[in-house]
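If you read the sequences in order, they're chains X and V.
With numbering that gives the first Met the number 0 as the guide, the letters of the first sequence map in order to residues 0 to 432.
With numbering that gives the first Met the number 0 as the guide, the letters of the second sequence map in order to residues 0 to 432.
Calculated directly from the structure, the hints in this document are not laboratory data.
Where is the CB? At the ideal position from N, CA and C, for every residue including glycine.
Errors might be hidden in some of the hints.
Listed next, the in silico DSSO-like pairs over lysine-lysine satisfying Cα-Cα at most 27 Å (straight line) [stated by the list, open to error]:
(1) V:K27 / X:K4
(2) V:K232 / X:K252
(3) X:K4 / X:K26
Some but not every residue of chain X turned toward chain V, in silico, with C-beta under 10 Å [unchecked claim]:
(4) M23
(5) Q119
(6) N277
(7) H331
Output of the computed footprint for chain V on chain X, the stretches with three or more beta carbons under 8 Å from beta carbons of chain V [as the list claims (entries may be wrong)]:
(8) 46 to 58
(9) 131 to 137
(10) 151 to 165
(11) 173 to 183
(12) 232 to 241
(13) 269 to 275
2 protein chains.
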Amino acid sequence: MRKIKVGMLGIGNIGKGTYRTLEMGRKKIEDTTGLSIEIVKILNRHPDRDRGIDIPREKYVTDAYDIINDPDIDIMIELIGGIEPATTYMADALRAGKHVVTANKAAVAANGRMLQQLAQENQVLLRFEASVGGGIPILNAITTALVSNEFTEVLGILNGTTNYILTQMAENGASYEDVLKEAQRMGFAEADPTADVEGLDAANKLSILISLLFGVGVSPEEIPTKGITTVDKVDIEFAKEFGYKVKLLASAKNVNGHVTCNVEPSLVSQEHPLASVNNEFNAVYVTGSAVDSLMFYGKGAGPLPTGSAVMGDVISIARKIEKGGAYDLQPHLRYDAGAVFDGEGANQYYVRMNVIDRPGVLGSIATTLGAHRISIETMTQRANPSSSRESMPIIFITYDVEKTVLDEAIREIRESSYVKSIENVLRVERIGQ
Amino acid sequence: MRKIKVGMLGIGNIGKGTYRTLEMGRKKIEDTTGLSIEIVKILNRHPDRDRGIDIPREKYVTDAYDIINDPDIDIMIELIGGIEPATTYMADALRAGKHVVTANKAAVAANGRMLQQLAQENQVLLRFEASVGGGIPILNAITTALVSNEFTEVLGILNGTTNYILTQMAENGASYEDVLKEAQRMGFAEADPTADVEGLDAANKLSILISLLFGVGVSPEEIPTKGITTVDKVDIEFAKEFGYKVKLLASAKNVNGHVTCNVEPSLVSQEHPLASVNNEFNAVYVTGSAVDSLMFYGKGAGPLPTGSAVMGDVISIARKIEKGGAYDLQPHLRYDAGAVFDGEGANQYYVRMNVIDRPGVLGSIATTLGAHRISIETMTQRANPSSSRESMPIIFITYDVEKTVLDEAIREIRESSYVKSIENVLRVERIGQ
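Modelling step: build the complete structure from the supplied sequences, incorporating the hints.
Okay, structure coming up:
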């Protein structure tokens, strides 16, 4: 049995999960692939720290270049996260003729083009299934089984922390702040939750998906991104009443080569399969020219699900090494398919505001929206136990409108004497057909 | 650009869908893979019949062996369906050194072991993604990205016709017979719907999944299979009231090498992601040792979704042909993993019966069940507008029980003087954790 030697950077939670996935699956892997895969060196800057996992001490190295420059190592796994020094290590490993597998969405979103170029020049493979959707094998499906499809749309619930928070707010009627604290206590949210709750993590993943699906480069910074910190439990309650759930959606469309995208809290129709994706689960819903609508659902994070995706990439490369032949160096990330990035695009929006309850208010709002050619699908003025004549909620849902046009109309409405506050503006996503 | 030549058996709906998928996706396929794939010969026994698709007449052949024996053809696609002559054609193509791609679940379930053996002997590849779940790339995921996982469970909604019928019965309160007629009128059900509504189609697909996931051979005939013809709209209504939907589930478990399975109409908890799979959609929910729970959702039939899966296999093989090197001949269907088939196993069951409404009936039923050591999770006696004291529905849901034990208890209960009829027995599936 051919032995494939692997070096791994990082032995945090994901590193340990990857190591465990390999050990747990060793017999199955050998039976079904005929390959013996061994992680022979692991970068561990604190080899004396108890990691809570039984790994022979002699595997540990404290210098990444003990792995990068080791001619016996075929594949390097990068699991240290963050853009640097991870990008430099991966680039140097590719230059040294090693195949590279990474779970690092930030580095791939920021430097995927350069790393892919280096992989091609050095006739080696770069794979990053675990960078989007954790254990869900979506990137592999897009680049292999579904490759004959032109993709027109992707909708993703790509961040488990925010989905957990929104699910708990909906199920327990709790506030954002209370659920966040609980999530931090349970380990579902980081001490500094900014990258998750502000949508930056989802934007990194969406940037990768857009390149794979539509062949256009949109950096995470270019993606219009709004987090969940402004979602009020009142919005979740109104949404439920209207037949929606509130989810942090990462979405992108390709209409005749014009790619639009955003990451923002959105009302998702309860009929939509994404509406049943709860707690820490992720899902990616894609629409292709032949296959129509597909959804992939699973655990978007966690040591073992992420380890499953990392090992899937490692085994795929190991099979190619063993079989000989040329590597398929066609780039998975594409930046050349003739598509152009066209901003946020038109969407339906839910708007909640508080107004002074006096005759003519609804008509006045409708007139302002009409002057901006914004069509209203539904508008509701509704008293609730905490409302008074001085502060009455009005909710409306628009038909498709450019966000800039809506923003301008809302700016005008906000200046009206009867408007107390614009409470929230959220995207609306219907059943995908 | 290397040209890969393909021969195709069959130009019915799936054949046309496959041809269209290739033509629609040609530019994308060439851009992303660098390959030019051409279907050069098509078996068409009636070349003068108008097929409603623009295909050059000179591609048509009337003898399968014009394709099987053509040394210029690299890959044969088999889309004629049925066990024979499809199996013979595939076997002869493999012997002639051609790679084979098929959408034929009946032939793969019946003869996959022999065909796979022939592929290995002749150093060529056999692929059958489209045979399970139509466009959903589940087989590819199991055999590549997820290969480090030991799988413990699969639950599938694998037949679009029956899922459409059950969804429409639930949404419109219509009877099985009325919805079947409507489905036939709309082309969602065949004129002879037996293979679909009796669960045989789902059993073929489950047999393939069991071999891929658990490495044990269970023939479709061995799988305990019950169709949807006995599902009454009353069962769907009661299920809804208790928080369930009724789905035709194909399910299999592997508990320490003991594989149990069945295909039968089941109550699925509304919290379960499978509960939101409606109409003609299919889904496969698998649980692996590292990745935990995953669900793949999409169109399980139809010309273009099936064409997407067929072309995915063709392109995967074409890439390997172009890159040279040895083929990975490790079998995907496994019959040797040390697992044994162990029948139907223990499940929760819903039982609906009609009884004469007199004191002590509930207690008597509970006593009989207790004597068989069957624990009851919930039992309800419930009048409804159509019930009388002479025929009152009783519904109970058991905890896990072997089906043979339940059947024996029900046989005893049926003999009681107060029991008018045993109306239905359906499996119950809770949220997969």
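Outcome, coverage of the stretch 151 to 165 of chain X by chain V - at least 3 residues whose beta-carbon is closer than 8 Å to one in that chain
violated (count 0)
- Would the pair K4 (chain X) and K26 (chain X) pass a check requiring their Cα atoms to be no farther apart than 27 Å? 17 Å, holds
For the restraint on H331 (chain X), tell me whether the closest CB of chain V is nearer than 10 Å. 8 Å, holds
Margin query: Tell me if the straight-line CA distance from K27 (chain V) to K4 (chain X) falls inside 27 Å.
Written below: 35 Å, violated
query = For the stretch 173 to 183 of chain X, does the count of residues with a C-beta closer than 8 Å to a C-beta of chain V reach 3?
reply = Answer violated; 0 residues pass the 8 Å Cβ test.
Check your understanding: Under the criterion of a CB-CB separation shorter than 10 Å, is M23 (chain X) in contact with chain V as hinted?
Key -> Holds, because the Cβ-Cβ distance from M23 (chain X) to chain V comes to roughly 6 Å (cut-off 10 Å).
Using Cβ atoms only, decide whether Q119 (chain X) comes closer than 10 Å to chain V, and label the hint accordingly. With Cβ-Cβ at 12 Å, over 10 Å, it is violated.
message = Quick check on N277 (chain X) please, does its C-beta sit within 10 Å of some C-beta on chain V?
response = N277 (chain X) check passes; min Cβ-Cβ to chain V is 8 Å, inside 10 Å.
Need the status of pair K232 (chain V), K252 (chain X): alpha-carbon distance at most 27 Å? Roughly 40 Å between the alpha carbons, so the hint for K232 (chain V) and K252 (chain X) is violated.
Chain V over the stretch 46 to 58 of chain X, status - at least 3 residues with CB closer than 8 Å: With 0 residues in contact (Cβ-Cβ under 8 Å with chain V), the coverage given for the stretch 46 to 58 of chain X is violated.
Notebook entry, point to check: Under a C-beta cut-off of less than 8 Å, do 3 or more residues of the stretch 269 to 275 of chain X approach chain V closely enough to confirm the stated coverage?
Noted result: Since 3 is at least three, the answer is holds.
Q | Coverage criterion applied to the stretch 232 to 241 of chain X (partner chain V; beta-carbon cut 8 Å; 3 residues) | A | Since three or more residues must qualify, the claim that chain V covers the stretch 232 to 241 of chain X is violated, with 0 doing so at under 8 Å.
Consistency note: the structure conflicts with the earlier hints numbered 1, 2, 5, 8, 10, 11 and 12.
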